[in-house]
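Colleague: Fit chains B, C and D to the supplied structure of chain A, relying on the hints for placement.
If you want the building blocks of each chain, they are given just below.
Protein chains: 4
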Amino acid sequence: MKVHKAEVRVSYSDTDQMKFVYNGNYLKYFEIGRTELLRENGLPYKKIEEQGYYLPVREAFIKYKSPAFYDEVLIVESVVTEVPAVKIHIDHVIRSKERGVVIVEGYIELASINAKTNRPTRTPQFLVDVIKKYYEL
Amino acid sequence: MKVHKAEVRVSYSDTDQMKFVYNGNYLKYFEIGRTELLRENGLPYKKIEEQGYYLPVREAFIKYKSPAFYDEVLIVESVVTEVPAVKIHIDHVIRSKERGVVIVEGYIELASINAKTNRPTRTPQFLVDVIKKYYEL
Amino acid sequence: MKVHKAEVRVSYSDTDQMKFVYNGNYLKYFEIGRTELLRENGLPYKKIEEQGYYLPVREAFIKYKSPAFYDEVLIVESVVTEVPAVKIHIDHVIRSKERGVVIVEGYIELASINAKTNRPTRTPQFLVDVIKKYYEL
Amino acid sequence: MKVHKAEVRVSYSDTDQMKFVYNGNYLKYFEIGRTELLRENGLPYKKIEEQGYYLPVREAFIKYKSPAFYDEVLIVESVVTEVPAVKIHIDHVIRSKERGVVIVEGYIELASINAKTNRPTRTPQFLVDVIKKYYEL
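Which chain is which? The protein sequence lines are A, B, C and D, in order. According to my numbering, the first sequence holds residues 1 to 137 in order. According to my numbering, the second sequence holds residues 1 to 137 in order. According to my numbering, the third sequence holds residues 1 to 137 in order. According to my numbering, the fourth sequence holds residues 1 to 137 in order.
These are calculated hints, taken from the structure and not from any lab test. Please note that the accuracy of each hint is not assured.
[As the list claims (entries may be wrong)] Computed cross-link-like contacts, SDA-like style, restricted to lysine to any residue with a CA-CA straight-line distance of at most 25 Å:
no., chain 1, residue 1, chain 2, residue 2
1, D, Lys97, B, Pro56
2, A, Lys97, D, Ala6
3, A, Lys46, B, Thr117
4, A, Lys28, D, Ala6
5, B, Lys63, B, Arg99
6, A, Lys46, D, Ser11
7, B, Lys97, B, Val3
8, C, Lys116, D, Lys116
9, C, Lys87, C, Lys116
10, B, Lys116, A, Glu50
11, D, Lys19, B, Glu50
12, C, Lys28, C, Ser96
13, C, Lys87, C, Glu77
14, A, Lys63, C, Pro56
15, B, Lys65, D, Lys28
16, A, Lys63, C, Glu82
17, D, Lys87, D, Ala111
18, A, Lys28, A, Gly52
19, B, Lys28, C, Gln17
20, B, Lys65, B, Val10
21, C, Lys28, C, Gly52
22, C, Lys5, C, Leu137
23, A, Lys87, A, Asn114
24, B, Lys63, D, Thr123
25, B, Lys5, C, Asp71
26, B, Lys65, B, Val79
27, B, Lys5, B, Glu40
28, A, Lys28, C, Phe20
So that you can see chain A by itself, here it is in the shape it has in the complex (with noise of 0.2 Å):
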């Protein structure tokens, strides 16, 4: 599968008096992972709320493998393993850039949401024609 990959760089506000990166802010960096998928192929993740849905979060995972440090330039590996249906997958990986080794290994579960009616529905098609695209699936 394809990896995409995205670059932040750790700020002073992202870090905590362990001298590294806080463990919820990881969940901010998965976003900007997916967010910068989805720009590449075309889809900014506002134009998806603009067609009227929206993709809150049903699920995450985060297995802390090593401190990332402030100023670091951290890559952020974004898969999607799977043709979205009811959820889309998302695993991650956040790599160091400079030191090479693992911050963190993990996986985003979206749900997508019709804003109208503020319900459940399926990943709407467009994003899986995009996704599919991508993935040449």
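Modeller: Only chains B, C and D this time, still in chain A's reference frame:
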């Protein structure tokens, strides 16, 4: 003037690698101060939004006097110093509950927006009334 | 097993434009849960660090069941399900206090690091003892 | 004076339920502005800490002119208007890259702390030199 006091405990996520509270987080503590002031006067901020208004911040000033540390309880003091007209001005002092020392001083000014028109408006009268009553103005 | 309960109120800064709590912020609420559990047992987390240990998160899992809204009080339930050895496993459920509904379920696993050597270590015995006493194990 | 420009994209986590950037988050954007200014002058902030100094914020002022929206790229302008002595004063303007509109204006003042003594000190000379060279003062 009456000084309203609210308490907030410094969480781990609020610190950074300087081992005290990150400078941007005091604006969250100011928010807690004004929110609790309004709640105690029978007007939770949520109700203001339900009435069709929201109150974005239009100006903020913070003087950092002393660091605040992880797990400290802070006292957020809030004073409304004048009857609001086009803006609501709130003076804040944050102190360490245990150590007494002043952590930050500053103020916040809020605008009032009519949610229907998305246009600035005068401070809603029901909010002015709550403040006048509290301060016996 | 005893279920420890801590309360946290959703602040404005915790919401995002979906108009409910941002997915990453529940890890801050989990932190409040385990912090208050330890405090009630006479062992504030701060004291653990003062003893020369820190407890970084090594794994986190969150299942998002229902959105939590601005200004809601949430109940963070925490249960330590086994005597800690190399890791501390804490199960969490977060509920809306007023609505009763489950917001998220999940768990956190903490490692123990010896601050002097910066190396992983077994859970410090004084912490194991506190947990055994609390759960009468 | 030279105006340094850095870019930052508004993430989902930076918004709140008013559907624009939460007021406290601009201080993170100011941080990115001054960090990149220093980096481009060969002095990453990290190196300042490695030299035994840190630069906590001692004063902040923000005037919120217009909301910034999810996924917008913002231009953070930074200008050091005077040779630093006991404080470093940095003026900031943040604009929407695409819309041109001014989002916030403000400033930050930094103190210098000697990490060994934990006492305030004059701005370290190597940092003064970098600023003088950049502005040809």
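Colleague: Each hint should be assessed against the structure and marked as holding or not.
Modeller: Taking the hints in turn, this is what the structure says about them:
| no. | hint | in the structure |
| --- | --- | --- |
| 1 | Lys97/D x Pro56/B | holds, 22 Å |
| 2 | Lys97/A x Ala6/D | holds, 21 Å |
| 3 | Lys46/A x Thr117/B | holds, 23 Å |
| 4 | Lys28/A x Ala6/D | holds, 20 Å |
| 5 | Lys63/B x Arg99/B | holds, 18 Å |
| 6 | Lys46/A x Ser11/D | holds, 11 Å |
| 7 | Lys97/B x Val3/B | holds, 15 Å |
| 8 | Lys116/C x Lys116/D | holds, 19 Å |
| 9 | Lys87/C x Lys116/C | holds, 19 Å |
| 10 | Lys116/B x Glu50/A | holds, 20 Å |
| 11 | Lys19/D x Glu50/B | holds, 16 Å |
| 12 | Lys28/C x Ser96/C | holds, 16 Å |
| 13 | Lys87/C x Glu77/C | holds, 19 Å |
| 14 | Lys63/A x Pro56/C | holds, 12 Å |
| 15 | Lys65/B x Lys28/D | holds, 20 Å |
| 16 | Lys63/A x Glu82/C | holds, 20 Å |
| 17 | Lys87/D x Ala111/D | holds, 5 Å |
| 18 | Lys28/A x Gly52/A | holds, 23 Å |
| 19 | Lys28/B x Gln17/C | holds, 17 Å |
| 20 | Lys65/B x Val10/B | holds, 17 Å |
| 21 | Lys28/C x Gly52/C | holds, 23 Å |
| 22 | Lys5/C x Leu137/C | holds, 20 Å |
| 23 | Lys87/A x Asn114/A | holds, 13 Å |
| 24 | Lys63/B x Thr123/D | holds, 19 Å |
| 25 | Lys5/B x Asp71/C | holds, 18 Å |
| 26 | Lys65/B x Val79/B | holds, 19 Å |
| 27 | Lys5/B x Glu40/B | holds, 11 Å |
| 28 | Lys28/A x Phe20/C | holds, 16 Å |
Consistency with the previously given hints is maintained throughout, with no hint failing.
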